[in-house]
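Model the full structure from these sequences, guided by the hints.
Quick mapping for you: the protein sequence lines, in order, are chains A and B.
Residue numbers for the first sequence follow the numbering used here, so the first one is 1241 and each next one is one higher.
Residue numbers for the second sequence follow the numbering used here, so the first one is 10 and each next one is one higher.
Hints may contain errors.
[What the hints assert, rightly or not] Using 27 Å as the maximum straight-line C-alpha spacing, the simulated DSSO-like pairs for lysine-lysine come out as follows: (1) LYS1357(A) <-> LYS48(B); (2) LYS1359(A) <-> LYS1284(A); (3) LYS1412(A) <-> LYS42(B).
What the hints contain is simulated information worked out from the structure, not anything from laboratory work.
These numbers come from a predicted model, not from an experiment.
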Amino acid sequence: MGTAIVGAPLILAAPAAADDISDLKTENTALKNQIESLARDLQKLRDAVHQNEQAVAAVKAESESAGPVVTSGQANTSLSISGQVNRMVFYADDGDQARWFQADNDMSSTRLRFAGKTKMDDDWSAGMLIEAQFESNSTTDVTIDQNTAVIASNSFTQRKLEVWFNNAKLGKLYLGQGSTASDGTVETDLSGTGVISGAGFAVLGESLAFRLSGTGGTSSGVTVGNLFDTQDGLSRDDRVRYDSPTLAGVKLSTSWVDGDEWDVAARYGRQFDGYEVALAMSYWDASPTAQKTGMGLSGSLKAPFGTSLSASYSLEDLEAAARDDEQFWYVKLGHDFELTEIGGTAVSIDYAETENASGNNREGTFYSVGAVQNIDRLGTEFYATVGMYEADIPAVQTEDITIGGVGARVKF
Amino acid sequence: MQHAKPFFSCGYMKFATALLVTVMLAVSACGGKPLHTSKWQGTADEMKTGPGLFSGDDGEFTVDAE
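Structural data, given as structure tokens:
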């Protein structure tokens, strides 16, 4: 009886335990299924994350390549944007007054350039160039008496507005506003100080007037620009210009300029065992517009150890009766070297003479020293100069004009 | 201020012109290697070639079409 009583709960409990085990098994199965499902979902998430990482890497790689920001219907086409800012603290002393100016260095003015080109096939290409300068208080325009930045020089001025067509064998044709064939032929210079020193030096204080000696500052009526003119051909103008292909370092050019002016030029550039040679010469006819013809030549030689010698000469034959030829001479000795790791250093000393500029028997003399320090990583040149203009005008005595300054040209 | 007569004279310059032309023709026949065009084909007031502050090694921002 006792056994029965004791065993009865056990017998009654057996089915209950079995039910629990069954429930546990069922629950266990369900949990296993749930875990497997979660595992599958986790794997899907991992796969999705991996795909996203690959997509991000692909986008990053594509953006870092030279892919276009904009699209064009024309293949093999590019548009380049470039420019520079060139500012200096400019000093002038005309013998009566001295003054400091915050000026734009017109040796190479502040400007913006858009250049487009397209390659049509292996031989033919075409392009366009828009270049404009923005000058505030240009060194060309400053005068000792000014009180504010000269309004006329706060300008947006054309430099080049042209199209061109080039064939590797036939040459290059330009149409529009730009350099004529003779532009630059009196300015050949390998010295490395061109940003502050060169045959075009008269833009540094061009509007400054020579003062009569002993008169308390009375102007002679003759400015730096009157007495010092590089006579660099027909400069920039509206023209059609043709350049020949370069053959053995020689390039020939000619242009037909608005107003029926014309010019021809020859240029040469070559290097021999580290010696660099650059030569240029030109002839221009400005008779229809300015009643004069002219010729110019310049050359520069630079040795592999950095020393350079440059020289220029130009002459303009004026048609006006009783006017003698105007002549310009220029010579520069330069040297460039690696003073620091940040960029090259260049120094130079130059000298110029003019004769009969803006009047018979007028003579002018100029000399200066200049230095340039390049900072290659910043696309920047720091520079400094000191110079002097002397005038020899018939029947009058004038004070010399001293100029100087420091500045920087930054190419962006 | 009176200054000395200029050193150069027209006669010397005519000779120098003829000499320069002769030198150009003679040197052009003597081989050599090309000189970068920016050193002898441009004008003195051109922008300097080389890298720019923001534009990098090319010195210009370029948009290439596809």
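Results of checking the hints against the structure:
For the hint pairing LYS1357(A) with LYS48(B), the CA-to-CA distance comes to about 22 Å; that is within 27 Å, so the pair holds. Distance restraint check for LYS1359(A) and LYS1284(A): the Cα-Cα separation of roughly 50 Å exceeds the 27 Å cut-off, and the hinted pair is therefore not satisfied. A C-alpha spacing of about 22 Å is found between LYS1412(A) and LYS42(B), which places the hinted pair at or below 27 Å, so the restraint holds.
In this structure, only the earlier hint numbered 2 is contradicted, and the remaining ones agree with it.
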